[in-house]
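Chain by chain, the residues run as shown.
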Amino acid sequence: MTDLQDLCFAIAQAQAAQARCLDDDRLEDWPDFFAEDCLYRVTSAENMREGYEASLIFLNSKGMVRDRVSALRTANIYERQAYRHVLGQPSILSREGESVSTETSFMIARIMRDGKTDLFATGRYLDVWLRAGTGVTLVSRVVVCDSSRIDTLLALPL
Amino acid sequence: MTDLQDLCFAIAQAQAAQARCLDDDRLEDWPDFFAEDCLYRVTSAENMREGYEASLIFLNSKGMVRDRVSALRTANIYERQAYRHVLGQPSILSREGESVSTETSFMIARIMRDGKTDLFATGRYLDVWLRAGTGVTLVSRVVVCDSSRIDTLLALPL
Amino acid sequence: MTDLQDLCFAIAQAQAAQARCLDDDRLEDWPDFFAEDCLYRVTSAENMREGYEASLIFLNSKGMVRDRVSALRTANIYERQAYRHVLGQPSILSREGESVSTETSFMIARIMRDGKTDLFATGRYLDVWLRAGTGVTLVSRVVVCDSSRIDTLLALPL
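Residue numbers (this note's numbering), protein chains in the order written: chain A, 3 to 160; chain B, 3 to 160; chain C, 3 to 160.
Simulated from the structure, these hints should not be mistaken for laboratory data. Any given hint could be a false lead.
In this list, chains with the same sequence are indistinguishable; a pair is considered to hold if it fits within one copy or across any two.
Said to hold, decoys possible - In silico SDA-like links for lysine to any residue, alpha-carbon gap of 25 Å or less:
id : residue 1 : residue 2
1  : K118      : G53
2  : K64       : Q15
3  : K64       : R75
4  : K118      : P159
5  : K118      : A134
6  : K118      : E55
7  : K118      : R82
8  : K118      : S57
9  : K64       : L6
10 : K118      : G137
11 : K118      : M50
12 : K64       : R28
13 : K64       : R43
14 : K118      : S63
15 : K64       : M50
In isolation and in its complexed conformation, chain A is listed as follows:
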C-alpha cells in the first residue's frame, strides 16, 4: 500500500497548495498547478446528473487558465472578497500507469471586504493527476458544486 500512500500524500499536498494559492489571492501562481493540456471546468451536481454539458467556467488549456486570471485582474468587476477552502482526504478512484483519478470533498467559505463570512460553496473535485517526479501535476479538474444556485455569484475560481 505504501506507493498508494505516497501518491495520496503528494496529491493532498498539491491540493492544499493550490487552495492556499487561491485563498491568498496569488492568482498568478494558480496556472502553474496545471499541465499544458488541461481541463478546468465548474459545473453543478444537477448538470452532472442530467448529463448536461453546460459549465459555469470552462477552460481547456493552460493558456485559457492564464487568460482567466488576467481577466479577473483587469476586466472583471466584482466586490472584493476572499475564499477559504477546507478539503477532505482525496479518495483514489482509479489509477492507470502514471495517471490517477481522485475525488475530494470541499467546503469554501467566502469572506467579504466588511468581514461578513458565509459558507459559499460545497462540492467535490473530480481530478486527474499525472505523476511528475516526487510530485503531481493537475491534468483535469471538474468542480462539481452541490448547489445550482452558485452561478451568478461566481467571480474567482473555486
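We have chain A already, so just place chains B and C on it with the hints.
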C-alpha cells in the same frame, strides 16, 4: 510509526468513501461499510456528557442498517436534500490487536432542492474499526452532534 | 519522501489532538501542546497584509498560555459556547534541522448553549514545530483569521 500511518491512511480512505456514499445518495452501498455485528448511533454532546442512553438513531446490526436505508427509500417523507461531509484527520485513540478506536471531527453542510446551503451539523465520530486485509471495517460508530437542536431535522444518516 | 510524510503525519495528529482539546472544553490540557518558549498569537489577514503588530491574543510563553486558561475559567464572563474545528492538510512550508514550518487552513463552527450553530471563524495556522521523539511540539502558532470582524466575539482560543 509506519504501521500506525498505514492504519490511519486506511481509516481516512474508508471514512472518505463512506461520506461520499451518503453525499452521492448511494444509500444502498452504505451498509457495506459495516461489520455484521455493528453499532450505529447518533446522539448529542449533551446526552454524552449527562450519560443519557437516548439516541436519535440507534441501529445495532447490519440488518438494521439495511432496514433504515429501505425505510428512507420507501416510507419516510422528507424534503429532498443532500449532504456534504468534510472530515478532519482521524485521531487514533487506542488500539488493541486488530481493533482500533478513532475520533474524527466533521462538518456537514445540507443542500436543499432549491440550492439553499447551510451548515447543518458539526460533531465527531467515535469509531471502532477492525482491520480486514489492507482495509478496515466499521464495527461501531457513535455520531456525537455538538448541538442538541438537530433531532427534528434528521432524515438521512450523518 | 517518506521522512517528510512521517513528519506531516505527526503534525496532523498533533493538530487534530489540539483542536479536539479545545472542542471538548479540556482547556487545562491545551498548554501541554506548547514548548516552554513559545508564541501563540491571533491576528487578522488584514493586519498581516498591512504589517501591523496588533494581535487579538498575544501569549509568548507557556506560562502565559496557562494564565490565559485560568482567566477563562475564573475571571472572564462569556456565554457558554463550544467550537468545532475542521482542519485541512498541513502544508510543509520549510524545514531546517528539527524545526518545521507549516500552514494549515481551518474552519471553526461555534455552537451556542441553545444549539445555534454558525461558521464562526476561518483562516490559517502558521505553525513552527519542533520534532520531539516520534511526535512534535508547537513552538509558535500565529492564527490568521480571514475576517477582521472577529475581535469582539473572541473568548476561547482558536
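Review point. Among all the numbered hints in the text so far, which are the ones the structure does not match?
Key: The structure breaks hints 5, 9, 10 and 14; every other hint is satisfied.
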